[in-house]
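There are 2 protein chains.
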Amino acid sequence: MASWNVTIDLTRGDEDGPTFVRIARAITDDIRRGRLRAGDALPGTRTLASSLGVHRNTVLAAYRELFAEGWIASEKARGTFVSVEIPEPEPKRFSARAAEAREIAARPGYDVVDPARSLGRDRGAGALALAAEARMRTVLAPPPRGRGAIATDTLMTLGGGVPDVRLVPAGELARAIRRVLRRSALAVLSYGDPEGPVALRRAVAKMVSATRGVAAREDHVLVARGSQMGIDLVARTLLAPGDVVAVEALGYRPAWEALRAGGARLVPVPVDAHGIDVVALERLAAATPIRGVYVTPHHQFPTTTTLAPARRLRLLELARERRFWVLEDDYDHEFHYEGRPVLPLASADVHGVVVYVGTLSKVLAPGMRIGFVVAPVPVIERLAATRRIVDRQGDYLLETAIAELVEEGEVQRHVRRAKRVYAERRARLASLLEAELGGVLSFALPSGGTAIWARVASDVAVDVWAARALERAALVLQPARQFAFDGRSRPFLRLGFAQHEEREAREAVRRMVSALPRRAAGA
Amino acid sequence: MASWNVTIDLTRGDEDGPTFVRIARAITDDIRRGRLRAGDALPGTRTLASSLGVHRNTVLAAYRELFAEGWIASEKARGTFVSVEIPEPEPKRFSARAAEAREIAARPGYDVVDPARSLGRDRGAGALALAAEARMRTVLAPPPRGRGAIATDTLMTLGGGVPDVRLVPAGELARAIRRVLRRSALAVLSYGDPEGPVALRRAVAKMVSATRGVAAREDHVLVARGSQMGIDLVARTLLAPGDVVAVEALGYRPAWEALRAGGARLVPVPVDAHGIDVVALERLAAATPIRGVYVTPHHQFPTTTTLAPARRLRLLELARERRFWVLEDDYDHEFHYEGRPVLPLASADVHGVVVYVGTLSKVLAPGMRIGFVVAPVPVIERLAATRRIVDRQGDYLLETAIAELVEEGEVQRHVRRAKRVYAERRARLASLLEAELGGVLSFALPSGGTAIWARVASDVAVDVWAARALERAALVLQPARQFAFDGRSRPFLRLGFAQHEEREAREAVRRMVSALPRRAAGA
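Read top to bottom, the protein sequences are chains V and X.
For the first sequence, the positions run 1 to 523 when the working numbering is used.
For the second sequence, the positions run 1 to 523 when the working numbering is used.
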């Protein structure tokens, strides 16, 4: 094993993000170039810190990041190594991993559709699933905190992706709005730019640079009304009728609808326990020119898995080779409970193929639509031109107030509080489910997000369960079918844990149990 | 002249709007059916009031309404008559009026394009004019009120359509937001319906029923982000690629862009001193199936004229006969200074052909995007389905606060205040222009809106004037070309009066004068 020489240029300014991110990126670059290979040892943190002239904590942060992304592994007493899961240039060498992936993919719940064969047959299934989803339209506001019993006819949801708005610092928000109206009423009430107020664009650029490794200035940022508007603007701006866009076969339907409305022909790509199947995507791209791919790499929607490092790398390469864009939806970046959040694809995007969409709506409140797109300046300019005809501009009042809350660190404090609370709720729902439904559900604890993706025993009809829960127990359950491109049933449930206090979680699980259908005989 | 028998059924509930509107509508219905003809005398207000069993003021209000809309006329000592301008069933009888219209239309400034011939040649001209408009993108916030001199390099705009946000009750707004956050934080911060909060839908329905004669319940209303989003939603929902949509040949470009983005092929229809030329529209519809027409009947944009009663009626009939929809943009309904605002087309729409778009952004503040669509329930439902993929929903916090301000009458009080101020400013700008530029500009005082449409003397190059004003005097002027579908120049300026206090109006006119180009010799 040749010794590895550090070649990180830390003399440049801060514009490429914090030092630890630059160190991490330099290491992944070297892995990519083959200067570091699977199994190679990395220098100790003290050694590397001293040779780079940085604090040891900086190197520790870089290593933690690489560990979280799966690039490196550590073994007790032996030190830190480049992960054996890192891809070699020749895909064939990965037969072992590919076989494993196929094995996983063959399990119900993960899609095994051959994307090349599914071209053009998405409409009907989509409509079917949409009809099924229609009942889900009303997602209710939570009741106030309280100790009394929950009335049995109060509709509850165990759907995922719902933050607890009771945690939102509403008083701080009201004060920020009042301050903005006192100080800058004329500016925020007048016409403004469709890209959003400079204050919020700057705050977002700073935030994604500092915490997500995405080197952005304010002119790389467009403030949108939630990630949904970001996706819709991309669809309306970067698509021509008939363009093929690849999507996750289990995925986020409102994004699909926006892409379709923009003229896309959608093709599903299987998703397995490591995220979207990039080998399948590669086959698809070889068979059909594709214009873009829509992905949720951080916490795959709805399965909650994180895209494997090998796939991240290959996806970016593939996008460059085949000249398609990657629409990365990082809809709940902050809510990651095992170590730091994994950096987005956009942080490793040296070729400018990624359009990155994020949101504060999940962090703060779904009813406040504050999202953003980070992309190269010409893309932002084109999106802004489209935005002008959609609603001309955002709400400068609200957006400027949110910029203040970000600048003051109030949003970040709220995220830390919410993360602590959600981590507890994740553990609590997991143990409630194990205790009450251990024989029916099996799942791994998700490393992030707001939901558990649970397999349902094969002798339980999951869609019947969901229907009975709604009709008999006033409980919304989300079976896998709702997220399936082909509209077919799969024995999985997406169970949200973020929105419920303990007594609510207990009541929700009690209702789940009460609605459990009779199990099939002989199973 | 046969005596006219009143046949108004006032026994129905209030759902059709206030009594005076129902009386007015019954009379126009009878004119339409031929039971009342041009020149017929109407009963005196006392007589009619007594035979209907209503207060005389109610009949007076109905007559005032009909007078404002042009259906009836009054002569001293002789009483009230059906207006001679009301159309007879046979269009040919209107040769006199048509000739007059053609004469007016032949004047530069009003479009004389034959719409049937202009099919498909809008793209290039649109792009040209858009480029010209690009300089107009930044519309500045006004400076705070003050008495000091205005620095000569402070950019000012004499563009139209800009309300004075200094009049907005910002304190009331901040208090309403705080109240909503205290009382209903959970509801407004959670997911909601794409149609908007019920409170605001209900307030809008009440407002348009009470003051605009549009019988609407809350489920006829979708709250959109300004009229722009209403238009964009209609374009995305009600159009298929290649559908022909007729637009005013001098008109509102952002609406055109939204319609084009929805797939429309736009065809311009001439506009003259009585609004859109409905005879030309009729010829167009006979030659080409059209899917819809986009109009600004109340204060035609940009020429400020009100659509003549004969044309209102014919437009609605034509839409029914030819089965196209009428997208009515009533963007500044409240700002009407001569009597009451004219009721919208939607108020006389018995066949459900009108989709009505309004906004509070002009009334309150452009930076707060609060608009609405009023349409039959199935249309609202389809628009809401589209809205779901655009940005999922509006800002419930802001929208609920606005609903409170409407319910409390605060918005209405603001409208009354603003109207009084704008009426003064209209008169002031008119007299400043007459005093300083009387030899160059000629115009009629507009009965409503926020701008004067002024003809520029033929020996003054209007586009040169606008360019010089921007470059040498930091003043934005809007020449007719910016609003022209064909992108050609016309000797008119749209001059906004709403945004300027006296000293500002004086300074703006001073700058206009200073930028006036040398007049052509021999003119």
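Calculated from the structure, these hints are not laboratory results.
Here the structure is a predicted model, which means the values were calculated and not measured.
Please note that a few of the clues may not be correct.
Each pair of labels, with its calculated beta carbon distance range [stated by the list, open to error]:
hint, chain 1, residue 1, chain 2, residue 2, range
1, X, R506, V, V421, 15 to 25 Å
2, X, P289, V, E408, 30 to 40 Å
3, X, R506, V, R217, 34 to 44 Å
4, V, R182, X, Q412, 33 to 43 Å
5, V, R217, X, A435, 42 to 52 Å
6, V, G171, X, R417, 27 to 37 Å
7, V, G171, X, A210, 58 to 68 Å
8, X, E471, V, A286, 14 to 24 Å
9, X, P169, V, R217, 57 to 67 Å
10, V, L60, X, E471, 37 to 47 Å
11, X, R217, V, D153, 46 to 56 Å
12, V, R182, X, R417, 39 to 49 Å
13, V, V198, X, E408, 50 to 60 Å
A few chain V positions that, by computed beta-carbon distances, are all more than 10 Å from chain X [claimed, not checked]:
hint, residue
14, R35
15, G339
16, R340
Built from N, CA and C at the ideal position, the CB exists for glycine as well.
Evaluation of the provided hints:
Restraint check, R506/X to V421/V: a C-beta distance of roughly 60 Å breaks the suggested window 15 to 25 Å. At about 58 Å, the CB distance of P289/X to E408/V disagrees with the hint of 30 to 40 Å. One distance hint, 34 to 44 Å for the beta-carbon pair R506/X and R217/V, holds here, with the actual separation near 41 Å. Between R182/V and Q412/X the Cβ separation comes to about 25 Å, which falls outside the hinted range of 33 to 43 Å.
About 49 Å separates the C-beta atoms of R217/V and A435/X, a value consistent with the hinted range of 42 to 52 Å. Remark: the range hint 27 to 37 Å for G171/V to R417/X is upheld by a beta-carbon distance near 31 Å. At about 36 Å, the CB distance of G171/V to A210/X disagrees with the hint of 58 to 68 Å. At roughly 55 Å, the beta-carbon separation of E471/X and A286/V lies outside the given 14 to 24 Å, and the hint is violated.
For P169/X and R217/V, the hinted distance range of 57 to 67 Å is not satisfied, since their beta carbons lie about 37 Å from each other. Take L60/V and E471/X: their Cβ atoms lie about 58 Å apart, and the range 37 to 47 Å is violated. In this structure, R217/X and D153/V break the distance hint of 46 to 56 Å, their C-beta atoms being roughly 27 Å apart. The beta-carbon spacing between R182/V and R417/X, approximately 21 Å, falls outside the hinted interval of 39 to 49 Å.
Range check, V198/V to E408/X: about 34 Å between beta-carbon atoms, so the 50 to 60 Å window is missed. Remark: the non-interface label on R35/V is consistent with the geometry, its nearest Cβ contact in chain X lying 45 Å away (cut-off 10 Å). With a minimum CB-CB distance of about 29 Å to chain X, G339/V clears the 10 Å threshold, and the non-interface call stands. The Cβ of R340/V lies farther than 10 Å from every Cβ of chain X, with a closest approach of about 28 Å, so its non-interface assignment holds.
In this structure, the hints that do not hold are numbers 1, 2, 4, 7, 8, 9, 10, 11, 12, 13, in rising order.
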